[in-house]
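**Q** Sequence:
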Amino acid sequence: MAFSSRVGYRFMPTHQQVIILYLQAKAIGLIVPSNAIIDKYVYGKNGTHWFVFSENDPWEVVGECQVSSSKKEIFVFTKLTKLGKRNIERTAGCRTWGGKSKPEYIKNCNGEVIGIKKSFTFKVNGDLKPEEMNMVHMENGHWIMHEYTLARISLEGVKNRDYVVCRIMWDFPKCLREDESSNVVESGFGTVEKIDESRKRKFEFEYPNENRVCIEKISDD
2 MAFSSRVGYR FMPTHQQVII LYLQAKAIGL IVPSNAIIDK YVYGKNGTHW FVFSENDPWE
62 VVGECQVSSS KKEIFVFTKL TKLGKRNIER TAGCRTWGGK SKPEYIKNCN GEVIGIKKSF
122 TFKVNGDLKP EEMNMVHMEN GHWIMHEYTL ARISLEGVKN RDYVVCRIMW DFPKCLREDE
182 SSNVVESGFG TVEKIDESRK RKFEFEYPNE NRVCIEKISD D
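Quick note, this note's numbering runs 1 ahead of the 1-based positions in the sequence shown.
Hint data in this document are derived by calculation from the structure and do not stem from the laboratory. C-beta: ideal position from N, C-alpha, C; glycine also. Please note that a few of the clues may not be correct.
Restraint-style ranges between C-beta atoms, simulated for each label pair [claimed, not checked]:
(1) V159 to Y42: 19 to 27 Å
(2) L81 to K103: 15 to 23 Å
(3) K86 to E56: 37 to 45 Å
(4) V159 to T15: 19 to 27 Å
Whenever a hint applies, use it, and build me the whole structure from the sequences.
**A** This is how it looks when you write it as C-alpha cells:
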C-alpha cells in the first residue's frame, strides 16, 4: 500500500476537539468542520485495515521530516457493533483490535467528563509461532488505534450512539526503514532516493499539492 500525505497541513486536534467538534457533531447529525476525518468500517469480517484503507485516504505523516518518517496516522468515523449487552465487536478480518489499557477520561473546561479514549493494538487471531508473527509485522507493519467514545453527558440529543472516532497509527518495521535509508543518496538538490522497482510495494509515498485549513487549537485540560 502506498500512503498519501498532505504538504503544508497537519491535522492535530486536541482530545476535546475530537469529542465536541467531530464525534458529537457527527452523532447528532450536524456537519463536521472539515473532511479530515473520513467514514470507514474498521470492525467486522471485512475490517482488515490494509484492505479498508487506500493510498487516496488522508494519511498524515508523523515526524518532523515527511520524507524520512515512516510513521503515518489517520482519523476515521466508524460504528461499533454490540455482541450481547456488554461486549463490543473488535475483530477486523482474521485479526482483532485488542488491548487492556486503562481508559483515559476526557474533560471539558468545567471538569466534566465528555468522552473516553481507549487504546488498542492489532493482533493476529489464533496461535502463531514467533517466526510467523514476525512475518506478519514485516508484511503489514505495526498498527495502534486510539478509540474515542462519547461519555454520558455528551449523549444528549444524539441520534447515532454507536459512532466512535478512531485514530489509527501505522509504522513499518525498523529493519525495513534501515534498508530503505541505505538507498538514499546526497545530491546538489538535497536527498534523493534510489528506487528499486522490485522493492516499491507499499512503502512509496506521494505528496499531492493540496492546501487544507487547520482548525484553531484549544488547550487540553
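**Q** Return the numbers of the hints above that this structure violates; sort them in rising order.
**A** none
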